[in-house]
Amino acid sequence: MRIETEQAGISLSGKDIVKEVSVKVDSGQVVGLFGPNGSGKSTLLKGIYRTLKLCRGVIYLDGKDMRQMKGRQIAQMLGVVTQFTTLNFDFSVEEMVLMGRSPHKKAFDRDRESDFEIVKRCLKQVDMEDFARRKFLTLSGGEKQRILLARALAQETEMLILDEPTNHLDVKYQLQTMDIIRSLGKGVLLALHDLNMAFAYCDYVYVLKDGKMAAEGLPDEVITEKLIRDVYEVESRIYSNPVTGLPNIAFLSGGMKENENSNS
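Quick note: the sequence shown, position 57, residue 57 per UniProt numbering, numbers continuous.
Hints in this document: simulated from the structure, not taken from any laboratory. Among the clues, some could well be false.
Between beta-carbon pairs, the in silico distance windows are [stated by the list, open to error]:
(1) R182 x K105: 28 to 38 Å
(2) T51 x E233: 47 to 57 Å
(3) G28 x R134: 15 to 25 Å
(4) N241 x R72: 43 to 53 Å
(5) E117 x T224: 30 to 40 Å
(6) K70 x G142: 28 to 38 Å
(7) H193 x K53: 40 to 50 Å
(8) R50 x P242: 43 to 53 Å
(9) E117 x P242: 22 to 32 Å
(10) G254 x Q68: 22 to 32 Å
Even for Gly, the Cβ is constructed at its ideal location relative to N, Cα and C.
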């Protein structure tokens, strides 16, 4: 299965936010979407999962134009974890994760024992099984983020879209979350801020700047000191981590100013 955008464009209030961006993710791939704040990462993801409409271009899911697909059909194939979730009702954690089973049921179908087993398994995956009876609104931001991931896992889709899934998480749960994502064997498109995670977890990366594609390719080929300077406007040094053996980025204090002063 593949999810693919073809020259996708999104405008908000008459301003182009995403400008003819093409990305693709195949089953089993973990693909990272990077870029500074305001580069269009979240907007592009919202276009893919249809919270925002494209003003140009096409999005395909399993070879089908998503505009021609029904919401339930998409939800059986594509799970989504957004940055923010607004609720008007105080559901329990178990009820929140059970919502992930909705695409697999008809309107008035009751929850089956197998659904509860899936919920239990997904809560255990994110280390939240002891929170099943807690109210979702009483949780911290990081705890909510893990429950939303569990809900997406409960959908049992082949593809996932995750918008900054490590946001609000302590280091332990950042690593745990990324380990889970890496182990799923699903096609995953995720927006991330931490460039070092690209080296550890991503098979392929796209980098956006000002709504346009700045670079794409294998992480260790794309993420260079020059790209970081051009896209993020800071100086850095990339070195081999002596413990992991992976590339690691050290950002230099003073950023561009230090570089500009050295050239004057």
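Hint check results:
1. Separated by about 30 Å at the C-beta atoms, R182 and K105 satisfy the suggested range of 28 to 38 Å.
2. At about 29 Å, the CB distance of T51 to E233 disagrees with the hint of 47 to 57 Å.
3. In this structure, G28 and R134 break the distance hint of 15 to 25 Å, their C-beta atoms being roughly 34 Å apart.
4. Against the hinted window of 43 to 53 Å, the Cβ-Cβ separation of N241 and R72 comes to about 45 Å, which satisfies the hint.
5. For the hinted restraint 30 to 40 Å between E117 and T224, the CB-CB distance of approximately 46 Å leaves it violated.
6. At roughly 34 Å, the beta-carbon separation of K70 and G142 lies within the given 28 to 38 Å, and the hint holds.
7. The hinted window of 40 to 50 Å between H193 and K53 is violated, with their beta carbons roughly 26 Å apart.
8. Taking 43 to 53 Å as the suggested C-beta distance range, the pair R50 and P242 conforms, at roughly 45 Å.
9. Between E117 and P242, the C-beta spacing of about 44 Å breaks the proposed range 22 to 32 Å.
10. A beta carbon spacing of about 52 Å between G254 and Q68 contradicts the range 22 to 32 Å that was offered as a hint.
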